[in-house]
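**Student:** Could you build the full structure based on these sequences and the hints that come with them?
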Amino acid sequence: MGLKFLLCLALLLVWGTTRHQVNARLVVNRSHVADSFRSLVSGVGSQLARGFPRPKELLRQSKQLFIGLPERAVFGTIHQLCSAYIHSERIYPQISPEIEEMSFQLRTPCSAESFPIEEAENILDSPNFDVNKKLVLFVGGWTSTIESNSIAYLAKAYNCRGDYNFLALNASYFIDTLYSWSAFNTEEMGRFVAIGLEKLAREVPIENIHLVGFSLGAHIVGSAGRYFQEMTGLRLPRITGLDPANPCFNEGEYLSGLQRGDADFIDVIHTNPGGLGKKDHIGDIDFYAGGFSNVKPGCSMFRCSHQRAWRYYGESVYPGHESDFMATRCSSLRKVHNGMCSRQPVPMGFATPSSEKGIYVVPVKSKSPYGGTANRDDDIITSECGLCTTK
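Numbers -24 to -1, 1 to 367, taken from mature numbering (1 follows the signal peptide of the UniProt record, and there is no 0), label the letters of the sequence shown in order.
Do not take every clue at face value.
[Stated by the list, open to error] Listed next, the in silico SDA-like pairs over lysine to any residue satisfying Cα-Cα at most 25 Å (straight line):
(1) LYS109 with GLU360
(2) LYS341 with MET316
(3) LYS110 with GLU206
(4) LYS175 with LEU82
(5) LYS343 with PRO295
(6) LYS109 with HIS313
(7) LYS109 with ALA327
(8) LYS255 with CYS317
(9) LYS109 with GLY138
(10) LYS110 with SER359
(11) LYS311 with PRO273
(12) LYS343 with MET302
(13) LYS341 with ARG305
(14) LYS175 with SER102
(15) LYS341 with SER299
(16) LYS110 with SER331
(17) LYS175 with SER148
(18) LYS343 with GLY250
(19) LYS311 with PHE268
(20) LYS255 with ILE171
Don't read these hints as lab results, they were simulated from the structure.
**Tutor:** Given below as structure tokens:
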């Protein structure tokens, strides 16, 4: 086991232990860390469970705890930490988000209005909301706030189209906390999102509603789809998962995450498979952008590759860019390039047809526009389409 990984785990152990040793000098040696780690990964986790802070305490801890640490070590540790808590049965249902602290933000090119989820029906009365347009709701990932680049990027793309109402979930307090407990909150946050959607669906036709989630947000919208079915007896038409988060979401454990059946059609874009994003085929159709490698062209870090998911998808939303990412049902990009996969290609992203199923690979470029078939001279980043033009 690498030293960096052990040091990351040591930080977690030290944090928990020092709460009870304010006036004592703490010395952590490698053998102690190694023993604690072996206890953790074996599923016992008893020593860690006694010394590590309870969920209520963790919810008050910021992502700042991990700044400066190697990301592979951080998320590898978190993945094991979640399993340890699950197997030690230290999951407390009362550690739940509060619906009063969550809201939907309606974004147009020139405005941003916030509405508490409990009063989501008021969105329908906003002069900036058009019930005759389709509705897309985007939920971001860990460390996301309502001011995150991913939200601004997708809002601009959908506003450029002009035929969508764009909503973003504002739940930053519950997503911006220590990753482990952000992950445990996804199910309950999804339930609250479903409550808001049910209010909107009283006037917005269900067939016009599309949920899109990035990283942890993909699991939140999956949960929202399940709860929406439970509340209404109806299934949403489409949920799109953008590199659904991998750490904590182990198959068969407490956190099930986004899965087939959460909507009529589940499409998933994988950009950091096996790293920060899941590598499993969890949708009706799964796209492996740039192939099955977990580092994408133009990236050297997991986080960069992970965030490519919303960049690729956002590019496909812009009018005229729906076919930038043509995907082929094939087992590798090499076979695609060599003409060994002859099936008709389909677009990844906004225009993905709901009739398609299976595993697809997609060529991508290292710079925007990222689509393998995109026109290099047509850069959406510098485009003013979707921006406010009034002075």
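**Student:** Look at each hint and say if it fits the structure.
**Tutor:** Results of checking the hints against the structure:
1. LYS109 with GLU360: holds (22 Å)
2. LYS341 with MET316: The given pair, whose Cα atoms are some 21 Å apart, holds under the 25 Å limit.
3. LYS110 with GLU206: holds (23 Å)
4. LYS175 with LEU82: With a Cα-Cα distance of about 15 Å, the restraint between LYS175 and LEU82 holds, given a limit of 25 Å.
5. LYS343 with PRO295: The given pair, whose Cα atoms are some 19 Å apart, holds under the 25 Å limit.
6. LYS109 with HIS313: Measuring from Cα to Cα gives roughly 40 Å; hence the hint is violated.
7. LYS109 with ALA327: holds (17 Å)
8. LYS255 with CYS317: Holds - the C-alpha atoms of CYS317 and LYS255 are around 22 Å apart, at most 25 Å.
9. LYS109 with GLY138: holds (9 Å)
10. LYS110 with SER359: holds (23 Å)
11. LYS311 with PRO273: Distance of about 18 Å is within 25 Å: holds.
12. LYS343 with MET302: holds (17 Å)
13. LYS341 with ARG305: Satisfied, since the Cα-Cα distance of roughly 19 Å is no more than 25 Å.
14. LYS175 with SER102: holds (14 Å)
15. LYS341 with SER299: holds (14 Å)
16. LYS110 with SER331: Between LYS110 and SER331 the Cα gap is close to 20 Å, so the pair holds against 25 Å.
17. LYS175 with SER148: It holds: about 22 Å lies between the C-alpha atoms, which stays within 25 Å.
18. LYS343 with GLY250: holds (23 Å)
19. LYS311 with PHE268: Holds. LYS311 to PHE268 sits at ~13 Å (cutoff 25 Å).
20. LYS255 with ILE171: The hint is violated at about 30 Å.
In the structure shown, a violation is registered for the earlier hints numbered 6 and 20, in ascending order.
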